[in-house]
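Enquirer: Input sequences plus hints: build the corresponding full structure.
Number of protein chains: 2
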Amino acid sequence: MAAAVVWRRGAAWLRSCRGKVLRRGGSPETPGVPRARGCAGSREVVPTCERYAVRRLPFGRLADGDVAFFERLLPGRVVTGEEEVKPFNVDWLKSVRGCSQLVLKPQTTAEVSQILRYCHERNLAVSPQGGNTGLVGGSVPVFDEIILSTALMNQIISFDKVSGILVCQAGCVLERLSEYLEEQGFIMPLDLGAKGSCHIGGNVATNAGGLRLLRYGSLRGTVLGLEVVLADGSALDCLTSLRKDNTGYDLKQLFIGSEGTLGVITAVSILCPQKPKAVNVAFLGCQSFAKVLETFTTCRAMLGEILSAYEFMDEKCMELVETHLKLSSPVAGSPFYVLIETSGSNSTHDEEKLNSFLEQAMASGLVTDGTVATDDKKIKVLWSLRERITEALTHEGYVYKYDISLPVGKLYDLVTDMRARLGQSAKNVVGYGHLGDGNLHLNITAESYSHSLLDAIEPFVYEWTARCSGSISAEHGLGFKKRQFIQYSKPREAVVLMQQFKAMLDPKGILNPYKTLPERSTC
Amino acid sequence: MAAAVVWRRGAAWLRSCRGKVLRRGGSPETPGVPRARGCAGSREVVPTCERYAVRRLPFGRLADGDVAFFERLLPGRVVTGEEEVKPFNVDWLKSVRGCSQLVLKPQTTAEVSQILRYCHERNLAVSPQGGNTGLVGGSVPVFDEIILSTALMNQIISFDKVSGILVCQAGCVLERLSEYLEEQGFIMPLDLGAKGSCHIGGNVATNAGGLRLLRYGSLRGTVLGLEVVLADGSALDCLTSLRKDNTGYDLKQLFIGSEGTLGVITAVSILCPQKPKAVNVAFLGCQSFAKVLETFTTCRAMLGEILSAYEFMDEKCMELVETHLKLSSPVAGSPFYVLIETSGSNSTHDEEKLNSFLEQAMASGLVTDGTVATDDKKIKVLWSLRERITEALTHEGYVYKYDISLPVGKLYDLVTDMRARLGQSAKNVVGYGHLGDGNLHLNITAESYSHSLLDAIEPFVYEWTARCSGSISAEHGLGFKKRQFIQYSKPREAVVLMQQFKAMLDPKGILNPYKTLPERSTC
Chain B
1 MAAAVVWRRG AAWLRSCRGK VLRRGGSPET PGVPRARGCA GSREVVPTCE
51 RYAVRRLPFG RLADGDVAFF ERLLPGRVVT GEEEVKPFNV DWLKSVRGCS
101 QLVLKPQTTA EVSQILRYCH ERNLAVSPQG GNTGLVGGSV PVFDEIILST
151 ALMNQIISFD KVSGILVCQA GCVLERLSEY LEEQGFIMPL DLGAKGSCHI
201 GGNVATNAGG LRLLRYGSLR GTVLGLEVVL ADGSALDCLT SLRKDNTGYD
251 LKQLFIGSEG TLGVITAVSI LCPQKPKAVN VAFLGCQSFA KVLETFTTCR
301 AMLGEILSAY EFMDEKCMEL VETHLKLSSP VAGSPFYVLI ETSGSNSTHD
351 EEKLNSFLEQ AMASGLVTDG TVATDDKKIK VLWSLRERIT EALTHEGYVY
401 KYDISLPVGK LYDLVTDMRA RLGQSAKNVV GYGHLGDGNL HLNITAESYS
451 HSLLDAIEPF VYEWTARCSG SISAEHGLGF KKRQFIQYSK PREAVVLMQQ
501 FKAMLDPKGI LNPYKTLPER STC
Chain E
1 MAAAVVWRRG AAWLRSCRGK VLRRGGSPET PGVPRARGCA GSREVVPTCE
51 RYAVRRLPFG RLADGDVAFF ERLLPGRVVT GEEEVKPFNV DWLKSVRGCS
101 QLVLKPQTTA EVSQILRYCH ERNLAVSPQG GNTGLVGGSV PVFDEIILST
151 ALMNQIISFD KVSGILVCQA GCVLERLSEY LEEQGFIMPL DLGAKGSCHI
201 GGNVATNAGG LRLLRYGSLR GTVLGLEVVL ADGSALDCLT SLRKDNTGYD
251 LKQLFIGSEG TLGVITAVSI LCPQKPKAVN VAFLGCQSFA KVLETFTTCR
301 AMLGEILSAY EFMDEKCMEL VETHLKLSSP VAGSPFYVLI ETSGSNSTHD
351 EEKLNSFLEQ AMASGLVTDG TVATDDKKIK VLWSLRERIT EALTHEGYVY
401 KYDISLPVGK LYDLVTDMRA RLGQSAKNVV GYGHLGDGNL HLNITAESYS
451 HSLLDAIEPF VYEWTARCSG SISAEHGLGF KKRQFIQYSK PREAVVLMQQ
501 FKAMLDPKGI LNPYKTLPER STC
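As you go down the protein sequences, you meet chains B and E in turn.
Residue numbering for the first sequence follows the UniProt record's numbering, beginning at 1 and increasing consecutively.
Residue numbering for the second sequence follows the UniProt record's numbering, beginning at 1 and increasing consecutively.
Here are some chain B residues the structure puts well away from chain E; computed CB gaps all over 12 Å:
{"#": "1", "residue": "54"}
{"#": "2", "residue": "77"}
{"#": "3", "residue": "83"}
{"#": "4", "residue": "118"}
{"#": "5", "residue": "121"}
{"#": "6", "residue": "288"}
{"#": "7", "residue": "322"}
{"#": "8", "residue": "325"}
{"#": "9", "residue": "333"}
{"#": "10", "residue": "374"}
{"#": "11", "residue": "420"}
{"#": "12", "residue": "447"}
{"#": "13", "residue": "451"}
{"#": "14", "residue": "458"}
Cβ-to-Cβ under 7 Å is the rule here; a few derived chain B residues that face chain E:
{"#": "15", "residue": "220"}
{"#": "16", "residue": "305"}
{"#": "17", "residue": "344"}
{"#": "18", "residue": "474"}
{"#": "19", "residue": "475"}
{"#": "20", "residue": "477"}
In silico lysine-lysine, BS3-like type, Cα no more than 25 Å apart, as pairs:
{"#": "21", "chain 1": "E", "residue 1": "277", "chain 2": "B", "residue 2": "277"}
{"#": "22", "chain 1": "B", "residue 1": "410", "chain 2": "E", "residue 2": "161"}
{"#": "23", "chain 1": "B", "residue 1": "94", "chain 2": "B", "residue 2": "427"}
{"#": "24", "chain 1": "E", "residue 1": "410", "chain 2": "B", "residue 2": "161"}
Since the hints were derived computationally from the structure, they do not count as laboratory data.
Quick caveat: nothing in here was measured; it's all calculated off a predicted structure.
Cβ coordinates follow ideal geometry from the N, Cα and C atoms, glycine included.
Expert: Here is the structure:
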């Protein structure tokens, strides 16, 4: 098979792959724009506490003496001044905004310990921040929380080529780790659009899913060890590098996905798969969502162990990517598109499997149009059509983002129902996501934020999800924006237990307040 | 390739596959003898509290009124009488023995709730028990704890063929679940020797590893949801069936591997892989452990995504299996043996990969002798050589069992060092295990239990492991026998935190006391 093969039911041609793929910044669904390009240009973001009428909790207030302490502790690594702090106060989506006056950039776990011990004593609230690529307002302060940035904790501690185990500081950028590993013949077990900015510590703190989960499983299986600093400044060293360790409770699991509310992750030990010798990507057009589903079942059976991604997007997503980012799709004219990736150890075998599947999919009419790429450059171009949807959406104005787990058969019904419900009041209602994981990204755009549109969407979207026993946050976490809706996916007893864990580990509640768990009164 | 191919460097022949593979009972490393065959015949087991001089904690004592209450609650499902209760008081290895007078067999979560609510109020201690196949004394009482058996909680609740998600009660026997799934074209993501007896709830409670971990990862990734009854009888429903759900802390993780000390698992939701279309097993002889390691590196690179197990055993293991179980190995005369399994979706591709690897391994002298099986029956025969080692060991007398995680390069050094240390005072010192996971099963046999031999082994084995940053329990858990050694694998702060979790979730300490965590005074 040639490096890039194009085929379709009728006439075939890989029309264009001009879209330049940038690899900086970006959201977890977007490969990445330099952060300066951001999303909504120069629009001023309404402070979170105003838009959402949040009540500040009775934490201490920053005094000159505090800043002086931190400047002694972290010489040259303390950021003050409204303009300098601003990029840390606003999320990537420009949808939430805190009013912190202080950013701290420790380099070591000992420094993180000292910072938290001091804040704990002084009752100062802290907002831990990695690459600030979160989509639920979890990574920026709500009020004046001190921002603890892991930006300078970016050292690789060790990598073992026999076991494939990487140990590194929390502030390592995912893409830097990927590049480092690829030179050694390995890859990271996770990949996501934000790779150019996001930190591995933030990935673990949010239990990021991303594009490789279908193949390599969740971080709960691949993260082998963590080092964490607790709210009172004590360090917890669970940074083991063992595939198996059943000595007592697995404490690290509590910190995975706790969004910085139970401790600050300072280092990570993670099991990395070997770099596949062959990667292929097929980008296909389907005439209905039912065919998208049937194509999935067929390819899962025929591609088996080499299937590494099954993503889908609707035609509106494609239109937005073409309009706003000037990307051009080699496949057109279908209401749905799927991106299938294979990764394996033998290119001949993989291509045989892929070709058999494609022949069957075409012959049975599951797929009407498609292209296949086997070389790196063309693969990246195809992936960018899927990965840059989030970025394209930000050009539309304000984006209401939902990240839902559902039984795969019902995945697109929510988009259809929402579109019908909102009618002309929304600019666009689009659906895409990780179909292989049952994960829908439902996005609704409007020229600007509006309370009434939000009321039309919520709690409808959560009620719909709860009726299907779905999750209202598949991979983005709850952060600030979704925390009051946890009860749609978790029973009351579970929320109460979570609050008990929080109270035990962070009795003063200084770690990332207003995030993840609802206020006690609401549950 | 024919159904079974035999080859070796010199003359080749699959000598014999007579060993009848039974599938009942057995330990996590043993496929299975009927429980009655057990291990140490009619030898009377010394009560745990005598052998180890344990102090009984001040729990309530069982009164007639308590038994009457349970008989009303569970008519016909209450076991009393010394002889009737005895099999539940003694572990499979016949190494520990409790003196419970009562076994309860609930069928529903509501019944488990009522039992625990009552016991909590009355301050009666409870020892949850699944298939009682544990190897660290975690599944039987130490004193008179009430035994809560999941034996009658054996219903499959649902199975979704699209997603591969199975939901079932905790008392389902692993092998029954495997058989059920295979009919639907799926398999369980875990497999272990004790499959004929062990319960899925017990597997999850001990975070069982087993033979498929290399391919399908740990239960921390594949278990999607749990239903748990807490010490006070309240039920916690986290029985979701979603691949991705980031709504709050992942509470279920705390119960996975907590060995029944934090709650009683009543139901499990688990992601099951599709049944591979092709399975091959190679059984090979290597002339040194260095060659075992090099063979692993080579096969991982050449078999890639189809490698599903890489097990090893030393020649002494083979000798014991042949002597005690009359199994006959098709490969002989090597100091080490490896069992390699491949599982894939295309038999032609898989056999091509396996053959290339075998040719390379033979040509480069990594392997001197071997056989390959592709049909089910012969595959089982080869697997039995590895799986039945534990059973063979029990015929030797008393077995000191160690389940260690180590950097793979050092795995066998511990066996060699121990053999040199013990000299003639041990009957046998053998090593085998899941090399692909860095997991060594070190076993030392003697005619009978002896304090002095134990003193020669411990803490030496734990200190040796700690020096290599290994784990003193890779997959068996800590149970009763290893709990005082947790500090060799976990820092003090972690143990203190575990004790806080225990105190929060089970303030009276009634759930599986004397297990997993050390007494507070020791840390």
